[in-house]
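Novice: Chains as they are written, first to last, in the working numbering: chain A, -14 to 322; chain B, -14 to 322; chain C, -14 to 322.
There could be a bad hint or two in this list.
[Claimed, not checked] With beta-carbon atoms standing in for the labels, derived distance ranges:
(1) B/V79 with A/G(-2): 53 to 59 Å
(2) A/H75 with C/A92: 44 to 50 Å
(3) B/N319 with C/S29: 43 to 49 Å
(4) B/N298 with A/R305: 55 to 61 Å
(5) B/S29 with A/T172: 40 to 46 Å
(6) A/S99 with B/P77: 30 to 36 Å
Rather than coming from a laboratory, the hints here were simulated on the basis of the structure. These numbers come from a predicted model, not from an experiment. Beta carbons are placed, not taken as given, at the ideal position from N, Cα and C, and that holds for glycine.
Each chain is listed here by its residues.
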Amino acid sequence: MPISLGELATQFGCELIGDPDVVIDDVASLRNAGPDSLTFLSSSSFRGRLNSTRAAAVIVRQEDAEYARTAVLIHDDPYACYARIAAVVHPPPVYESGIHSSAVVAATATISDSAHIAPNAVIGDRSSIGDNSYVGPGCVVGTDCTVGDDCRLIANVTLVKKVTLGVRAIVHPGAVIGADGFGNARTDEGWVKIPQLGGVQIGDDVEIGANTTIDCGALGDTVLEDGVRLDNLVMIAHNVRIGAHTAMVAMVAIGGSTIIGKRCLFAGMAGTVGHITICDDAVINGQGMVTKDITEPGAYASSFPSVKAREWNRMVARVRRLDSLARRVKELENRSK
Amino acid sequence: MPISLGELATQFGCELIGDPDVVIDDVASLRNAGPDSLTFLSSSSFRGRLNSTRAAAVIVRQEDAEYARTAVLIHDDPYACYARIAAVVHPPPVYESGIHSSAVVAATATISDSAHIAPNAVIGDRSSIGDNSYVGPGCVVGTDCTVGDDCRLIANVTLVKKVTLGVRAIVHPGAVIGADGFGNARTDEGWVKIPQLGGVQIGDDVEIGANTTIDCGALGDTVLEDGVRLDNLVMIAHNVRIGAHTAMVAMVAIGGSTIIGKRCLFAGMAGTVGHITICDDAVINGQGMVTKDITEPGAYASSFPSVKAREWNRMVARVRRLDSLARRVKELENRSK
Amino acid sequence: MPISLGELATQFGCELIGDPDVVIDDVASLRNAGPDSLTFLSSSSFRGRLNSTRAAAVIVRQEDAEYARTAVLIHDDPYACYARIAAVVHPPPVYESGIHSSAVVAATATISDSAHIAPNAVIGDRSSIGDNSYVGPGCVVGTDCTVGDDCRLIANVTLVKKVTLGVRAIVHPGAVIGADGFGNARTDEGWVKIPQLGGVQIGDDVEIGANTTIDCGALGDTVLEDGVRLDNLVMIAHNVRIGAHTAMVAMVAIGGSTIIGKRCLFAGMAGTVGHITICDDAVINGQGMVTKDITEPGAYASSFPSVKAREWNRMVARVRRLDSLARRVKELENRSK
């Protein structure tokens, strides 16, 4: 959608240095921006690129404005400002309301008149779809689910049962919400399945990545508070609670009944055991494995960075001989007494 | 389903202390149970909670019975007993038999009269669906597959080809069984795909988690024996064999042709290389990486628990200087001779 | 498909020792091959098995030929030769061209007359499907996607938007290509979503595993060059570029904007952070975590192999006390000066 720099300045609270009537209709990186594009400078360390960009205008911090040769929109947080403008310039697709003839909707389901139910979607008993929400092709919304207003289930998403999504949720393809948690009692005759009777409660403004799985509670619900962001292939076990605005990068796995605070950040491939509590504002580094409560904000880690395999193998051998090394040091200490 | 304590005692072999005519119609945790609920005490260490529960009755071990203020059902294994009773109180949904008009069933497929084929499911050539089995919405059963009796494919499950499921299998959404294994021969012109010609043989009473993948054999079959439990996002490569009653928690990956014994337990994010053998009753701790045969039962591990990142980084630096430390100790030893 | 040894020798450039009129109609392992089967000897170390195989013929290297008691096809690379022959003996299924009546194809989509669109597949606006390509049951091809000739999307695959597949792509069930990358700007009010505006460009002869996810670019495209092989449950973040013939085993995760060279090999559960560059011919061992640029070919690692948990726990404790050990060695050195 084309929009003038003047209008952007007004709408997003920026100071504009440049011609307010210039119109942009795309966003791009500093390097690839063309003369109809808006771009942004996220860090002063890339100031040098301001010289060569062909963009119509750049969103910058006050202190970087003087280095630009183009029009500038001045904002305290250029990246967030860019994100908001990009969503205006390239709005998500709008779908006509209605239920496609190939979709199958249970008689007891409630679909808002303004919702769009795409081809081959299936909506089960007692479920409801809110205003302006989009249930994409191949999605299955099971029984007793509530999808709030302005949600987007992109395609082939499965909500199994008793799943509640707040407003403005985005659920990417292949995500499975509300499947049975992994509950089994060991007996001499093998495992006995623990019925998984709860649901999943998801707050507002949550985004859930492709092929991510969020299990229903065993008793009670699994809970994601407002603003949570999960990347692809994340696993949230039964009865986990995730605090508002916590984000998890790809392939994070959270064990059952673990409670996670607000604004935490889990880097890729990190994990936790079950039944622990993690405070607000904890950061778990990539591939980190949390095995007990975290009570202080800050960064936590347990993964080695890779090195040449030959060097690594020598290190592994050294670590395996640490007992022996420690014993030898002890002996030297005894001798030197 | 409401049921009396007397009936439960008879049906599940418990001693009842309390009024046999009291009826429960829900199960719950000790903390959340209401006056119509049954709950259970899994461990004597939570005895204190028996004081405050509002449950109608609690399943307890003999030695905990005297601490209860409610009716009690006495059983040697309260958790397993609870699991079995919960399945009676909250039975899985029952579906009318029949094939939904939107499902597409190949002419050469065989569907039991008592099976339920849900909306938009697809059943391919020469596949069969057993008595009372449920093929949920969006499921694709490919060619030459056999789904036994009393199975439940919840939704959006894919069986690709030559997959056999025993009786009472539960397959959660997004699981993919029988896709091609990762077989490639390296040549100067790039990879040459090795045709994946086998199938997948799955025993009775197996449960497979959401978005888990089990590849077909390259030649011969991938095999899961009776009672195996796989959590979500687990990966079983081609020609793996998993022994009866082995359980794998989320994000476990098993390399091709690896043979795993009975009653093993893989905690979350554990993995194995291919072409190894693991004996019965091995336990692999979370994020553990098995690189060679395991011949003795017991627990195995290779993952560090996370600590503050600053502390961790210092440890990593120390480990990297282990060679130097070992050399210095050697030198001290030489000097002190 | 039955084929004579003589024809195989001609077609695949092998020297045949044996009767050219013998016909085989199956492939199998040395151990399981029957009298109508062809098999292969991949490594001279298994020469002993040549004695007992019941196969009609074995593909061998020149130097192993004399040990065989059966007919032999001599080839420099028996495994690759086997792969090519197996694909002839057991060709992938052929589907009649046409669009199944339950599939939903947008009016603006273009489907080749020779393509097969299976039951309950959905093809969106402005997308095209090439000659002889197969879009399996439950697949969703979104908007502005291009599927080249001779591609196979097996079942329940999702291409979201702006995805281009070259010729001969194989995409296994549950794979999601072109979903939004994980882009979020942190603000005091929570995360602001960065619109993900790019697409995914995939070259020729690429194979993508079950439940693997490849995100679209934020700005610009995510790129997989020709001949790339991804196993199941792999995660490729936005704006990654993967060089030709690079292969990644299950549960590998690549962070955003990372550039990977040609012919690299990532073993299972390996990962990289974002925004790094990895040169051609790098090998990342299982569970290795790459945190910075790799500029030299060769093997890299950072994962410990599992040992008995008791032993491991002692090692972890030793590593945690390395600071103290190093201090004690320092003290000994000072004393011994």
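Novice: Against the structure, test the hints numbered earlier, and report the numbers of the ones violated in rising order.
Specialist: 2, 4, 5
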